[in-house]
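If you read the protein sequences in the order shown, they are chains X and P. Each step along the first sequence adds one to the number in this note's numbering, with nothing skipped, and position 175 is 242. Each step along the second sequence adds one to the number in this note's numbering, with nothing skipped, and position 18 is 28.
No wet-lab data here; the hints were simulated from the structure. Each hint should be verified, as a subset may be incorrect.
What the hints assert, rightly or not - To list a few chain X residues with every Cβ distance to chain P over 12 Å, as calculated:
#1 101
#2 125
#3 168
#4 178
#5 184
#6 191
#7 236
#8 239
#9 242
#10 250
#11 267
#12 268
Unchecked claim - Only some residues are given here: those of chain X computed to face chain P with a beta carbon under 7 Å:
#13 135
#14 202
#15 301
#16 342
For clarity, every value in this text was computed on a predicted model and none was experimentally measured. Note that beta-carbon positions come from the ideal geometry of N, C-alpha and C, so glycine has one too.
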Amino acid sequence: MIEALLQVVLNGAASGGVYALVALGYTLVFSVLGVINFAQGALFSVGGYLTYLLMGGKIGVNGALPGWGLPAGLPFALALLLAAAGSGLIGLLVERLAFAPLRRRNAEPLLALITSLGAGVVLVNLLQLLMGAEGYAFPPSTNALAGLPAVLVIGGARIRTIQLLLLLISAAAVLALSLWLERSKGGRALRAVAEDATTAQLLGIHSEAMVRLAFFLSGALAGLGGGLIGVSVSLPGPYFGIGYGLKGLAVLVLGGLGSVPGAIAGGLLMGLAEALVPSAASGWRDALAFAILFAVLLLRPSGLLGRRTVEKV
Amino acid sequence: MTTYSPIERRQRGALRLAALLLAGIGALAWLGRSADPAAKPLPSGPLTLGAAIAFTGNANLYGQDQRMGLAVAERWAQQSAPGGRPVRLQLEDGASDEPSAIAAFNLLIRQGVIALIGPTLSQQAFAADPIAQRQGVPVVAPSNTAKGIPEIGHFISRVSAQSSVIAPLSIDEALRRDPALKRVAVFYAQDDAFSTAEVAIFQKVLAARGLTPITVQRTQLADNDFQTPITSALQLKPQLVVLSVQAVAGGNLIRQLRELGYQGQIVVGNGLNTPNIYPICQRWCDGILIAQAYSPNLNTPINRRFQQLFQQAHGDRPPPQITAQAFTAYQVLFEAIQRLQRRGGLTGVTLGKARANLMTELLSGTYATPLGPIAFSPEGEVLQDRFYVAEVRMDPDGRDGRFALVRQVTLTKSQEQERKP
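Construct the entire structure; sequences and hints are all you get.
Here it is, written out as structure tokens:
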């Protein structure tokens, strides 16, 4: 009984950690601009492919440059960090192309949803053009990276080592970001812009720079998630990030729009809810997870840890 | 000058309006008729075959393989019938969902293709094929294996043998290797028409062989992480795992099953009949059993030619089944067009009539294809009697592999009948 429960907790935490990572990316942008960046799922895919290429992976026969690859691969940890930075830069590009022009024209926030969705579709299609639709395995050195057995048995429950590693890295990234937001000058400036951009500007904070920083960090988190999932389940095709992006979006709403602790709690709750679905009804996992989302929103429209917004008169 | 009373004026006005409306409707009907390419005379130039296959979406992995098969078929056609009726191929992205397949079919039909190849998924075929059927356009499905595809209508046919014929072969092979097998875990994608149809056949075969599934795990097409269903299934200690899912999910499932400690036999369905699974499940693919409708080992002139052309374009590797089936779809249409041309069935007829003649010609022919000799039933079902059981053998570095032939099976007429659902 305890073994089965522990298995559910481990299964839920493993997937919940990644959901939290994706949701945190949405949260950063939402808290600063009040809009959702629908290109987040595509940036997740970009991170996976960048990690693969930086580790010395070659482009497949259906890509634009078949057989092309870096002459030497980087170690996994360095490749993952650089891929996250690369995804962050592409996230910045998405901000410049899909969000900034609309912001300058004071356009409806709804339009930014559409432009970011368009940017996401373009990114995924570019990935398919460059890399082809085939799946990619990470170079064998990644498997040796852990130097650990493929599976760990904890209290009778089984978990793939890579998934535990994924959970730990996700937790470390979330913790580092939370500490940075709380304790550093840059983090406090970002929170100030999120609170009130005009007042922050009057206090000498460069709001535009903070918006760009939020997009960079958001893209980097998505890229990190993509790289980690890529190692865990390979890269099954350019569209693989879209599903995670949608799940992250649900977690964002479940946790409370713009709430960092909410994104983490929402991610873990969503992961656990999915893991709790009995095997006979495993096909209804998503339906149950979204039913929980629906129920939480009925009881707490602002999400688990979201703040209720007060309309100023 | 004649003067009319107000009532007469209204009556005359109403008559004029009615006449105008009738003329308008007539003009629209005539214009509509003349805009319908099926009503126009068949042009004397090259005939166009339309192919709606998945270049984007989750099924793009199959679409890529099909595109290679069609390109090879075009080269084969140019070389094999130099004086014949020229045929050009028009490709359209049918993507991986039903609306895109419908849109692609509609577009190609409006452009006046003589026949269609596609769509990639059975799920899409159930939505798009009725459109071709209503408009009398022949369809040859290269990869739809679900039950009920040819039954959509007279104009719908396929070269991909249905799962009920193929699926039992791999289960029989697993039992031959371990006659003591009893405990079977089944995984399938519940949101995919092909997988749900195939898994029903697998379950029927398991029951017929005295094997009871100890668990049936339902997954979804977009799933990549199978930690939860696998750990649930492994708690029941299965001796055989049967998978009916699409390639990407299947590759991941196999890898995660092995990583989580499953060491027994794995039998997979037709969705994993592509070398594209190798990079995903890597060394963990080794040893999986699959029944196939195509084998590169088949030593016939057309299969050797097909492989030669494929390898000229794509290097020294064996073509996948789905590529061979796409080649076959083009080949049967091309050969039927040439026969029809020789018989005069394409002379002085409208496009609509030419399409109908082509369908009749297609169903009446026999074909020597890379899949082996095939023909069609009057309903459009492929009649193929030669099948194969293969085992995946991965290279030592686990990065590439091949479907190694385990045995060739020639079904007798009674076996074919017995396996029909």
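Cross-check of the supplied hints:
no., hint, in the structure
1, 101, "29 Å, holds"
2, 125, "10 Å, violated"
3, 168, "27 Å, holds"
4, 178, "25 Å, holds"
5, 184, "16 Å, holds"
6, 191, "9 Å, violated"
7, 236, "16 Å, holds"
8, 239, "20 Å, holds"
9, 242, "23 Å, holds"
10, 250, "33 Å, holds"
11, 267, "40 Å, holds"
12, 268, "42 Å, holds"
13, 135, "15 Å, violated"
14, 202, "4 Å, holds"
15, 301, "5 Å, holds"
16, 342, "5 Å, holds"
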